[in-house]
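A.B. asks: With the hints as constraints, model all of the structure from the sequences given.
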Amino acid sequence: MHTRDIVWITLESVRRDHTSLSAHRRDTTPFLRRLADDGGTWFPNCVSHALWTRPSSASILTGRAASDHRVWSYDAALSEEITTIPEQLRERGYRTAAVSPIAQVSPATGLDKGFDDFHYLGKKQLLGEAGPLTMLRYLANIDEHSAGFTRNSAKHSRGFFTQSVATRHIDRAATERDPLFLYIHLGDTHHAYYPPKQWQSTFADDLDLPIEDALAVVLDMSDRLHEHIAQGLPFDESEWNAIEVLYDTCLAYVDSILGGIVERAQEKLDDPLIVVTADHGEFFGERGLLAHMLVPHPAVTDVPLVVSGLDVPAGTEDGMIQPADVMAMLSAECGLDLDVPVGQDIRDTPREFAVTQRGAARAQNNLAKLREYVPEFDVARYPAGEVNSLRTLDYRYQRSDDGAVLFEHGDELTSVADSQPDVVASLDAALDEWLDVYGRPSGADDRTATFSDDMHAQLRDLGYL
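The sequence shown begins at 1 in full-length UniProt numbering and counts up one residue at a time.
In short, the hints are calculated from the structure, not lab data.
Don't take each hint at face value.
List time: in silico PhoX-like cross-link candidates among lysine-lysine, alpha-carbon distance up to 20 Å [unchecked claim]:
hint	residue 1	residue 2
1	155	124
2	123	155
3	155	197
Now the in silico label distances, taken between C-beta atoms and shown as ranges [to be verified]:
hint	residue 1	residue 2	range
4	429	337	30 to 36 Å
5	436	139	51 to 57 Å
6	91	378	48 to 54 Å
7	139	91	39 to 45 Å
8	236	378	19 to 25 Å
9	176	208	50 to 56 Å
10	421	237	37 to 43 Å
This structure is a prediction, so every number in the text was calculated from the model and none was measured.
Virtual Cβ for every residue (Gly too), placed ideally from N, Cα, C.
C.D. replies: This is the structure:
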């Protein structure tokens, strides 16, 4: 065993069943598929730790359950008392760096903790972080990487800047002795699903609307997210088609950015470990929802996971896995002895179940927003308190203050709890034990997220406010 460079890329809002790793009808992620086929390992049963970016990312970067680190409400930031995995890696001789274009993963939420260099690519930080030459190259190729010259921030992508800053760290690591841990968040698959101009024709033949009308649909969907949900998602077939086609188009663009980063790492670094996953998935009407909120449904919790450079015995990849498990495997592979509480090396100890958690505060805020638009909206359709979802290969067991439900794999419409009491009892006991060991609050002092005005504006654009 020896220390190796680690490049971890988290994709924003990517459903596993919309990637080329699945049987999806559009080839959205050809590079990710090639990475899996060319010596990498695809894990088809990866489940996210939470439903939205901040708690999911906090679990990846701390190895802790969301109910432990408590970074699962709008006001919450990671406590200074919680040790992160980047901090542990730095103590073991790694140079640590991160790049993120979204405020959810930024110094404002405490998720910069342990990084020697953290590049938050907000609107006001872009020029300073990326540099004038990168900005000039971007402007010269603005149609390839954005929607052209417009002041509407929902139409702009940041993948070009993210790739540029990330590859600088890769190039630097190639000349240094210290190993690199590089964490990258690629954010351009978040709604409003507005792809760069040159990419808009990628799947245009699949559209039922002219491209201009399709783009108007996704902007309206994103701008009026809660209003549309409250009104029962009043989209016709051509509009639903536009939403999914343009989401897939953004995914294809992000896959190209991913390819540029990974190929640079494989070219410059000596046998790097590469991880590609997502923070969560996305609703396209399931349970009457859009985006990623309220329910730990597989549309939101089933995420892609490909790891390159890791020795994984055949068959191991078919079991349940969560992102923290990859941290545990990387630790074992490099002899790092990292503390990853909810992670396990599934090569030695197969995971029996995966747990996704949802906090109460953000859910209650979302339910209140729905009632603002439609006062008679039936908020009882969704649990208001904390929710724990336990997944096996065969079942999903969900427990909240509103009760418990059990779904068979592939059917989220009908609870089979009454007909499967033994399964309910077994999974309920397993969840109790897991919560007792891993899910208790850390007891660390609370820390409040501190967002700038620009960050607040971005979060409003993304539907968080």
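A.B. asks: All hints, please: hold or fail.
C.D. replies: So, going through the hints one by one against the coordinates:
1. 155 <-> 124: holds (17 Å)
2. 123 <-> 155: Cα-Cα ~13 Å, so holds.
3. 155 <-> 197: Answer holds: residue 155 to residue 197 is near 9 Å, not above 20 Å.
4. 429 <-> 337: 30 to 36 Å: holds (31 Å)
5. 436 <-> 139: 51 to 57 Å: Holds: the Cβ-Cβ distance is about 55 Å, inside 51 to 57 Å.
6. 91 <-> 378: 48 to 54 Å: This hint holds: roughly 51 Å between Cβ atoms.
7. 139 <-> 91: 39 to 45 Å: holds (41 Å)
8. 236 <-> 378: 19 to 25 Å: With a Cβ separation near 23 Å, residue 236 and residue 378 satisfy 19 to 25 Å, so the hint holds.
9. 176 <-> 208: 50 to 56 Å: Since the Cβ atoms of residue 176 and residue 208 sit about 52 Å apart, the hinted range of 50 to 56 Å holds.
10. 421 <-> 237: 37 to 43 Å: holds (41 Å)
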